[in-house]
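Line by line, the protein sequences give chains A and B. In this text, residue positions in the first sequence follow our numbering: the first is 1, and each later residue adds one. In this text, residue positions in the second sequence follow our numbering: the first is 434, and each later residue adds one.
Some hints could be false.
[Unchecked claim] Derived BS3-like pairs (lysine-lysine); straight-line CA-CA distance at most 30 Å:
| # | chain 1 | residue 1 | chain 2 | residue 2 |
| --- | --- | --- | --- | --- |
| 1 | B | Lys-512 | B | Lys-471 |
| 2 | B | Lys-605 | A | Lys-134 |
| 3 | B | Lys-624 | A | Lys-37 |
| 4 | A | Lys-121 | B | Lys-483 |
| 5 | B | Lys-550 | A | Lys-134 |
| 6 | A | Lys-121 | B | Lys-507 |
| 7 | B | Lys-539 | A | Lys-155 |
| 8 | B | Lys-486 | A | Lys-274 |
Simulated from the structure, these hints should not be mistaken for lab results. Please read all numbers here as calculations on a predicted model, not as lab measurements.
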Amino acid sequence: MKQYPFSNIHTHVFNSECAPDNFLRILPSKFVRRRPKLIKRVLDTKWVRNVIVFFAQIGRKKDNNKRKAFDKYIGFLEVATQRKQLDVFELEFEVGKQFDSGVRIVGLTMNMDFMDNSASKFQISFDSQLEAVKDIKRYYPNNFFPFLGVDPRHKSGTDLVNWSKDYFERGLEKDGMVFPYFSGIKLYPALGFFAFDPRLDDLYAYAEINQLPIITHVTRVGSQYIGSKITELIPKEPKPKSLSNKNAESEKAMTDIYERIDAYYDKKWIVDDKTGNNDKACDLFSHPQNYIPILEKYPKLKICLAHMGGSNEIVDNSSKDADLRKIRRVDPELWCNRIREMMVNYPNLYTDISYTVSDLDNKKVKAAIIAFMNTLDKQGKPLAKRVLFGTDFFMTEQEKRESELFKLSQIELSAFHDTITRDNPQEFLRQPL
Amino acid sequence: MNFADNNILLLLISLVFIYAVLSILVSILTEAWNHRSKIRGIFLKDSIYKMLKDPLNKDYGYLFYNHITISGLKSAPDKLPHYISSRMFAEVLIDIIAQQAVHNRKVQVILDETGNKQYQLDTTEVSSDIIKRFQLGLNTMNTSPFTDLLQSFLDKSKNESSENEGDYSKLKAHIEQWFNDYMDRVSGWYKTKQQRKFLVVGFVVAISLNVDSLHLLKVLSLDDNLKDRLVASAEQTVDNLKKDSTMRSDLGFLLQSTTIVKSKDDVNYTAFDSIDAAKIQRMIHKLDSSSRIKNGIAKKEIRQLDSAINMVAELNVPIGWSRTVAPASWWSGNDKQAKEVSFSIAQNSKNPGLIDYMAHRNSWSWGNFFKYLLGIAISGVSLSFGAPFWFDILTKFVNVRRSGKIPEGDKSSKS
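Looking at chain A on its own, in the form it has when it is part of the complex (with noise of 0.2 Å):
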């Protein structure tokens, strides 16, 4: 049988100027949520950073969200203030491609033009951000497959898909084999979003056409809308619309996305803060359920629920954070769970262990995981069939370096490796080889 190139299915290229000036505000910390620019150009400072660095080291054992939040922000900095897009691709190509020298990485473009509601001064375009990634594309045609970043506050409906046509239906060629610029779609619906939204209805059905891969950010942590107008883009009334098409799931769905909207009101979790304190309310726009009314609208459709829910979803860690405990009580199943059981019932539905991955070393983690792989979906196969190996570099600098990830993932799940690394990317990306 033949094997297929080794692939890391969720990478990040960007650099520090495509994000917006108070990107900060995505520490969970009041202190740097008022001075976020303040605090920027302090971080921004090598030796600086080497300090908080090292006090990090210290506390590591402490083991939280907000820890886990302010790890991934030094790492980016660390990458991203320095370096261009492309600078970034070959820190990781050069580790991936002592696995194969064919490695496929996949880079996710993010729109973050949007995550703040005050208008940044340094951040640049989006598309902009865009035409640097397609310079990658252009240099490493066989290597690099871009995802393209949309956001339905950017462009909506028809306009989306003739805006996204200018990058699946570009490119180029290269020893007789022809390549476009992007081959997939990222969502990031953290930065102030319902993947659910009307507005990327048409953009879903081209998507399900035209077998073009989604990847979607499902995490309680990470990147979120930072912004002061949280209300307005979850308001308690009229509730958001969905593109639900009126089947018993979908209604289901939505029902249960509507009461707990109603609680997070209720615990006053969705509050207009001037500091951007939007920490629980942006878990309802990463919520694994928001994807039920699109698979069952387009059941074609490739859709891969990243992270696994993340590592404190696949096992509870509740009882080391307080807030997570709060949430429980709210939303009580675990992501992972629901992830599982959504893999089940949809077959074109796929989860990564990018991030999660750094939690290999942790034995509950790697079991649960293990466990997740060799559950049996409808039609009787495990799912580790639809399980991709990922890494989420540059977001994991602090906690593992790229090449311990990969051993780590080689090591602690070795009898999945081929599987995850090489049959299933193939499988979703569907590109020709």
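With the hints as your guide, set chain B onto chain A.
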């Protein structure tokens, strides 16, 4: 009246000379700050981003800095180029616009029976002529003020060329001219921004060296010896500066030209002496050796800083910190010692007026405190004008004095 010996003019020359020497230190520190914070490169980048920002299309500044020609100018990932020539700017911008036409080919997606994707590329050839590519590249963009500007450059170059097809060198010349005009404005913005930085450094130097302008002025007015020595130093310095008037803004040249005359009758005023200077120099060298940045510019800065600190120590003017000198003497509670120091200074200077003034200043009073604050503020603002400004003023004052000197012959005839 002999204008050259006018006391006010001599006072001004002495004070300006002190400012000139101290502002060398301010200029060097500001340059070092700029170098460490990489502000020149960042400012140039921000200006080019602003220049090439096209909200209806893309941030061409970002694409400009991503271009291999520009990114290749970086000596390290975080070190931006300080200078970009107009020729390079024009060539890179034309290339970016023209490449848009080349990398815009349509792809048709075909799904085979097994569900695998196959792609077919539009094979329409794109002209290899750079001007035609530039026009095609412009056509792919949304109409915007930026595209209108580039189109006008292209149209002008077509009108100016004989074949009416546009001329690469003429298009380049128009873009170069646009860049140069813009950079003239950028220089102005940079200077304005630098003035704020000079003000901060001016105050840091004024406070850290305890430079009270009102106190300096008073001591100069009471101590003729000191005043004459500083005027002599100023005159020699101006003579040295005249050797090359084109180098007036070069800090190295200003440092070389500055001469400090010494005299046996000097009173030891300064609380900032050669021992303090040596301490600071040791500290700088220690910092330098622990620094990972070991380039030529940093080394030059350190050398200049060394010389400037030595020069300030040699000035021997009433500056610097000591427990026996105001304002530290106000809180040290050592009035007796302060008075003894004041007395020794006054006795050495053979000027009885000085003892009363020094004793009075070194004792606490609200009046002294406010005068001190005012003196420091004047020093901070004055030093922020930078070394070239003060050396220029110094030259003018010395020239005024020389033009007012009565020739020796005239002096004797009058007497």
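Straight-line alpha-carbon gap Lys-486(B) to Lys-274(A), limit 30 Å: Judged against 30 Å, a Cα distance of about 29 Å means the pair holds.
Agreement of Lys-121(A) and Lys-483(B) with the hint, judged by alpha carbon distance not exceeding 30 Å: holds (10 Å)
Pairwise hint evaluation, Lys-134(A) against Lys-605(B), where the allowed Cα distance is 30 Å at most: holds (26 Å)
Pairwise hint evaluation, Lys-507(B) against Lys-121(A), where the allowed Cα distance is 30 Å at most: Holds. Lys-121(A) to Lys-507(B) sits at ~24 Å (cutoff 30 Å).
Satisfaction of hint between Lys-134(A) and Lys-550(B), Cα-Cα up to 30 Å: holds (20 Å)
Hint consistency between Lys-539(B) and Lys-155(A) [alpha-carbon to alpha-carbon, up to 30 Å]: Holds: Lys-539(B) and Lys-155(A) sit about 21 Å apart, inside 30 Å.
30 Å limit on alpha-carbon distance, applied to hinted pair Lys-624(B) and Lys-37(A): holds (24 Å)
Agreement of Lys-512(B) and Lys-471(B) with the hint, judged by alpha carbon distance not exceeding 30 Å: Holds, at roughly 7 Å.
The structure meets every hint from the earlier list without exception.
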